[in-house]
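Engineer: Residues per chain, in single letters:
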Amino acid sequence: MADYLLAGGSVLTRDGLVEANVQVGNGTIEAIGADARSGEVIDCAGLIIGPGLVDLHAHLREPGQEWKEDIGSASRAAVAGGFTAILAMPNTAPPTDAGHLARYISDRGTEVGLCEIVPTGCITKSMEGQRLAHLDELSDAGVTVFTDDGASVADAGLLRRAMEYVAERGGLISQHAEDPGLADGGHMHEGTVSSWLGMRALPSEAETTIVARDLALAEMTGCRYHVAHVSAAATVGLIAAAKQNGLPVTAEVAPHHLFFTEEAVRTMNPVYKMYPPLRSEADAEAMRAALESGVIDAVATDHAPHAAHEKDVPFEEAPRGVIGLETAFAAVRTSTRLDPAAIFDRMSVRPARIAGLSRHGRIPATGVAANLAVVDMDEQWTPTKFESKSANSPFAGVRLTGRPKYTFFEGALVWRDQEAGQ
Amino acid sequence: MSFLDIEGHDRTDLEATLDLADEFIEVLRRPIPRVPALQGKTIAHIFYEASTRTRLSFERAAKALSADVMNFAPSGSSVSKGESLKDTVLTLRAMGPDLMVVRHGAAGAPHRVAAWTGLPVINAGDGAHQHPTQALADSLTIRTRFGKLDGLRVGIIGDIRHSRVARSNVAAFTALGAEVVLVAPRTLLPVSSAEWPVTMSESLDEIIEDLDVVYLLRIQVERGGACVFPSLTEYVSRFGLTSRRFSAMNPEAVVMHPGPMNRGIEIADSIADDERALVLDQVSNGVAVRMAVLFRLLGGDRNG
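Just so you know, the sequences run in chain order A and X. According to our numbering, numbering within the first sequence proceeds without interruption in unit steps and concludes at 442. According to our numbering, numbering within the second sequence proceeds without interruption in unit steps and concludes at 785.
This is chain A alone, in the form it adopts within the complex (with noise of 0.2 Å):
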């Protein structure tokens, strides 16, 4: 007898959604369709069957800041929000610059065992943007993914060492791009809004002059480069042209870059505070346009957490950063006009790619891990509790569409809603 019997749903194939029933034992997809016979039975009528989602980027706060979060409230939070697998940002404490402190990571994840835990290596020791981390270590770990993420590794020589490095190791580059000068300590996108409110603002040239720098580079050293949450329209035009030029270049935005808009900020609510930071609607709008033509390669949340009393400050002295991991599904099926197969392109295919993981983002088929995310396009809801331990969502409170229901990890019902199936 097999484990689940995912029953009365569409399967996303190879050949577009199907209805049929899956089959799943042994940790894989064991059936499809008429061979699908045994197992506990998972009401999916209305629901579509998919890959479990993969996110490029979050912000675990494990080891050294518990108290926002750590890799079991996160595991909770990614299962909930239909991913299977998360790329853990190696700014923590210390940060992620050896090969030890990765498998910590990694391991950490393992025991808790809800989905897999990817550890991502820092470039810089320390993410000083002064000296390469142990890029070897990192590597030898299991590391692909090379990021400073917080901070732009501002020095160009010292990134072209690395790419040269990564690039030999078959290594990924993710850059946060932000220049320092531009940047200037700026708090909100520099447009109409700040120059009203008067507060300090980052331009969109911050994080373009940056990526233009990085394309060079990634023809220099023929590095695989990815560009972290892109916020600007003109930074679109830049990876557009880079792609038709044959570089190596992926791309990945922010679900709230996709949703919200510098005027969020008029209200001076920290949780409207991240970087790069809500910008313009024709932004927004380039970010969608992008994200549904592919040139924007994956939806990344940039999942970061912050405990209230850090949040519930003056906005200019508030920490950078929100949630994202639970409301990203519904941001993207929200805002964007990606039918299903193209979310699951989006937020599985590709960053799995992207991230060369194996077990992930394959589309549904025999014999495959039973890595999935069982979703409903339809159901609206309002994100009001979040298994993460940090409430700073700028979607709380907000009607959303479409609603992570199951997920399987490898074989293993994790998260069911609660609603779900009653």
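These are computed hints drawn from the structure, not numbers from a lab. Any given hint might turn out to be false.
What the hints assert, rightly or not - The list that follows gives simulated cross-link-like pairs (lysine-lysine, DSSO-like), each with its CA atoms no further than 30 Å apart: (1) X:LYS567 with X:LYS544; (2) A:LYS405 with X:LYS567; (3) A:LYS409 with X:LYS562; (4) X:LYS567 with A:LYS409; (5) A:LYS145 with A:LYS409.
For chain A, the structure is supplied; the task is to place chain X on it using the hints.
Structural biologist: Frame of chain A; chain X shown alone:
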């Protein structure tokens, strides 16, 4: 109800406050310049940024209305032990004030305080965002001199980009019918200024004769103009109100400055003391408008 920024108030409302301030000017001229309007009320002054004139002006206003005042400044307080703004204002609220006057270096801090405490809050300056009672004092000063603001041309000259006084004054002057032109080197003019109801100029000489009010902002000499203009000398030569430029002004036009002034930089020494420089009127009117705002927020009894 709070008084957090000028935009939250329409022309009728701003004029009602100015009319009331006119009445309080009369009170302030009495032999015993005090009315019992807010007797029994307590006002907490919470100043996270150094301030002498604004704090004293609020204190004078509160006392002229017979209110009690609690003063809070972060140095030497529990803030230096790491207490958050939220905890600080909740602690102060527990001591029972009826209203809080808040100055803070971060834009929007007074708005947060109002949300946290549920008390009426007056914004006494938040970052580079707003300083609305200064705008009322300046509006009253202009109205007293010219009878109205309608149709007047006000030039605001100086570091507009980083100035809360500029932002609240632009909102107030235009709401009351004046035209505003901003004059500064480009590095001190606001960027992305589509929402500013103003025109802009990079030449004071070109427009000075058309102005009814020459409103000078303080240049932060302590920063030496670092990174925003090449040198103070260059600034003065292009944007300082020199004697030559003063002579070019319309004879009816006046000079204003929110203080503290840098004599010899944004304003020539002799002009600062001229009869047409209304700097001290702005200060006196500041007390009257703060009385009016306090009175209106605390529902004082007009006949008390």
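Engineer: Now, for every hint given, state plainly whether the structure supports it.
Structural biologist: Against the structure, the hints:
1. X:LYS567 with X:LYS544: This hinted pair holds, its Cα atoms lying about 27 Å apart.
2. A:LYS405 with X:LYS567: The hint holds at about 23 Å.
3. A:LYS409 with X:LYS562: This hinted pair holds, its Cα atoms lying about 26 Å apart.
4. X:LYS567 with A:LYS409: 21 Å, holds
5. A:LYS145 with A:LYS409: 29 Å, holds
The structure is consistent with each of the numbered hints, conforming to all of them.
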